[in-house]
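These protein sequences, in sequence, are chains A and B.
Just add 93 to the spot in the first sequence (first one is 1) and you have my numbering.
Just add 93 to the spot in the second sequence (first one is 1) and you have my numbering.
These aren't lab readings, by the way, just hints derived from the structure by calculation.
Where hints are given, some of them may not hold.
The list cannot tell twin chains apart, which means a pair is met if one copy fits it or any two copies do.
Derived DSSO-like pairs (lysine-lysine); straight-line CA-CA distance at most 30 Å [to be verified]:
1) Lys317 x Lys251
2) Lys296 x Lys251
3) Lys296 x Lys137
4) Lys344 x Lys317
5) Lys207 x Lys96
6) Lys296 x Lys235
2 protein chains.
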Amino acid sequence: MTKPIIGFIGLGIMGKPMARNLMKAGYSLVVHNRSRPSVDEMAKEGARTANNPQAVAAEADVLITMLPDSPDVESVYTGAQGVFMGARPGTLLIDMSSISPVVARRLAAEAETKSLDMLDAPVSGGEVGAINATLSIMIGGKASAVERAMPIFQAIGKNIVHVGDAGAGQVTKAANQVVVGLTIAAVSEALVLATKAGVDPAKVRQALLGGFAQSRILDAHGQKMLDRNFRPGFSIRLHEKDLSIALATGKEYGAPLMLTAIVQQMMNAMKVTGRGELDHSGLVTLIEELAEAQVGNRGER
Amino acid sequence: MTKPIIGFIGLGIMGKPMARNLMKAGYSLVVHNRSRPSVDEMAKEGARTANNPQAVAAEADVLITMLPDSPDVESVYTGAQGVFMGARPGTLLIDMSSISPVVARRLAAEAETKSLDMLDAPVSGGEVGAINATLSIMIGGKASAVERAMPIFQAIGKNIVHVGDAGAGQVTKAANQVVVGLTIAAVSEALVLATKAGVDPAKVRQALLGGFAQSRILDAHGQKMLDRNFRPGFSIRLHEKDLSIALATGKEYGAPLMLTAIVQQMMNAMKVTGRGELDHSGLVTLIEELAEAQVGNRGER
Numbered sequence: 094m095t096k097p098i099i100g101f102i103g104l105g106i107m108g109k110p111m112a113r114n115l116m117k118a119g120y121s122l123v124v125h126n127r128s129r130p131s132v133d134e135m136a137k138e139g140a141r142t143a144n145n146p147q148a149v150a151a152e153a154d155v156l157i158t159m160l161p162d163s164p165d166v167e168s169v170y171t172g173a174q175g176v177f178m179g180a181r182p183g184t185l186l187i188d189m190s191s192i193s194p195v196v197a198r199r200l201a202a203e204a205e206t207k208s209l210d211m212l213d214a215p216v217s218g219g220e221v222g223a224i225n226a227t228l229s230i231m232i233g234g235k236a237s238a239v240e241r242a243m244p245i246f247q248a249i250g251k252n253i254v255h256v257g258d259a260g261a262g263q264v265t266k267a268a269n270q271v272v273v274g275l276t277i278a279a280v281s282e283a284l285v286l287a288t289k290a291g292v293d294p295a296k297v298r299q300a301l302l303g304g305f306a307q308s309r310i311l312d313a314h315g316q317k318m319l320d321r322n323f324r325p326g327f328s329i330r331l332h333e334k335d336l337s338i339a340l341a342t343g344k345e346y347g348a349p350l351m352l353t354a355i356v357q358q359m360m361n362a363m364k365v366t367g368r369g370e371l372d373h374s375g376l377v378t379l380i381e382e383l384a385e386a387q388v389g390n391r392g393e394r
Numbered sequence: 094m095t096k097p098i099i100g101f102i103g104l105g106i107m108g109k110p111m112a113r114n115l116m117k118a119g120y121s122l123v124v125h126n127r128s129r130p131s132v133d134e135m136a137k138e139g140a141r142t143a144n145n146p147q148a149v150a151a152e153a154d155v156l157i158t159m160l161p162d163s164p165d166v167e168s169v170y171t172g173a174q175g176v177f178m179g180a181r182p183g184t185l186l187i188d189m190s191s192i193s194p195v196v197a198r199r200l201a202a203e204a205e206t207k208s209l210d211m212l213d214a215p216v217s218g219g220e221v222g223a224i225n226a227t228l229s230i231m232i233g234g235k236a237s238a239v240e241r242a243m244p245i246f247q248a249i250g251k252n253i254v255h256v257g258d259a260g261a262g263q264v265t266k267a268a269n270q271v272v273v274g275l276t277i278a279a280v281s282e283a284l285v286l287a288t289k290a291g292v293d294p295a296k297v298r299q300a301l302l303g304g305f306a307q308s309r310i311l312d313a314h315g316q317k318m319l320d321r322n323f324r325p326g327f328s329i330r331l332h333e334k335d336l337s338i339a340l341a342t343g344k345e346y347g348a349p350l351m352l353t354a355i356v357q358q359m360m361n362a363m364k365v366t367g368r369g370e371l372d373h374s375g376l377v378t379l380i381e382e383l384a385e386a387q388v389g390n391r392g393e394r
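Here chain A stands alone, though its shape is the one from the complex (with noise of 0.2 Å):
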């Protein structure tokens, strides 16, 4: 069996190493990207070209986007030039940005009355999981398919879980960035107290490891705000983005996040303050701006 030709329209941070790992794989890839530079970029690499969404999905038998937001992801599908002008009967659409699970499902919808499959696979694991083909993919969509895909989701990814009906990959990845954002406060809380009260925050985060409070976050963000190592990672910017989108799906469905709200709004005083750009660790920063501290220095004023 000859493998699909894969269309694959976003050369970001994420989609490019996504992009060339299925190239390492063995598809053949017709991409496209807003800017002209990683468009070239691949081209040398062995890609073809497109001069635009609808041209890409002409010519492919699965297409990927990778976007940095649901209105990018709406005008590439939609648009006058879009997917669902090119896309023949058949043509299996797989998203795979992070974005509202409100218009994944709308998106899906409308796939379905042009008799074309679609899936939602939002992703994480950030840069290093797209370099390294380790990323986590949460898909919501049809069995069937999640099968045609898999062999393609295996060439970028790792721990890969069917969660459930068009939507689900979206509310997942939602669900995963409540959970990481607020266990970063948790932990900034935790060790800003720990520092504050003289106590040496790297044997607290050690002696918490132990017991109820291990988290990853603890482990790997807890080490680097020791560290003071604030180097993205994943940024507050696009952290800030996510919770933006559970709160608003949570307005959709009924249900009201007190907690992330304010972790949103933390974020977003980062992000207007000028620090989006570091990783999402840096969020103790924040906390500690409030104490007039820093983890690390010990009991000072």
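Based on the hints, put chain B in the right spot on chain A.
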């Protein structure tokens, strides 16, 4: 070398099994408790008894207290028939209650003026950990005193960490309860969001365990939420107490803890509505109430 005689004050849900494990390890115990039945029970099992803290201290080489809250510990040590009245110089005092670090430091300072070694050594792991001798123990105090206490700690716990000077154990415990409480709230918001958005929260939990959202709380307490099993474990009432200690500590040492304050108020809301004896994973029921949802019932309004 003969084993030291251990005085043990406070034979509650935690203290009694801890005292039993010390007797199993071959220590002679002198015990005291405010209410009589636990004392009689321990006497039957071979412990000596004494009528007040002073009398316990007079007979002990090492004295352990395991009491509900800061005022109990203060009065047991500094009261008219208190530990400080009975203890001979050189006696090792170990308070294993979870109390205010401020009080712990004050008592340690007073002990030092009387040539008594004192450690604060609060635990986590709950009743199960106390029974199975698998408690995590977080210790503040002098290294020489910790060394002296180590065989005793090893008879009742497993993950034993000397964090720093006097009070450091209590600060670590407070930090632990902040992280655990806020992570429970995070998992609650995420699972309620998933449920209201029509996605199976069990599958969301499973997907999230594979990535950065992983935590022991998501694993254990997330499962309890799905099972609607809110038998403690560790009660909302006690966790609210511990978060109040964290907030008071933050106030004393200058660390504002905004999310901790909200979760403490959420737990307080549960206490005043008759849910203080639920397991702390039952916090999800408060979030559900806001959303008129129940984890496990998809999309219900």
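* Asked: With identical chains treated as interchangeable, where does the CA-CA distance between Lys296 and Lys137 reach 30 Å or less: within a copy, between copies, both, or neither?
  -> Neither way: Lys296 and Lys137 sit 50 Å apart in one copy and 41 Å across, limit 30 Å.
* Should Lys296 paired with Lys251 be assigned to within, between, both, or neither, using CA atoms and 30 Å as the limit? -> This pair counts as between: shortest inter-copy Cα distance 17 Å, intra-copy 33 Å.
* To do: Pop the pair Lys296 and Lys235 into one bin, within, between, both or neither, using alpha-carbon distances up to 30 Å.
  => between (48 Å within a copy, 15 Å between copies)
* To do: Measure nothing new, just compare the shortest in-copy and cross-copy C-alpha distances for Lys317 and Lys251 to 30 Å and report within, between, both or neither.
  => both (24 Å within a copy, 27 Å between copies)
* Lys207 and Lys96: within-copy, between-copy, both or neither at 30 Å Cα -> within (23 Å within a copy, 81 Å between copies)
* Homo-oligomer pair classification [Lys317, Lys344; C-alpha up to 30 Å] -> between (33 Å within a copy, 26 Å between copies)
When the structure is compared with the earlier hints, a violation turns up for hint 3 alone.
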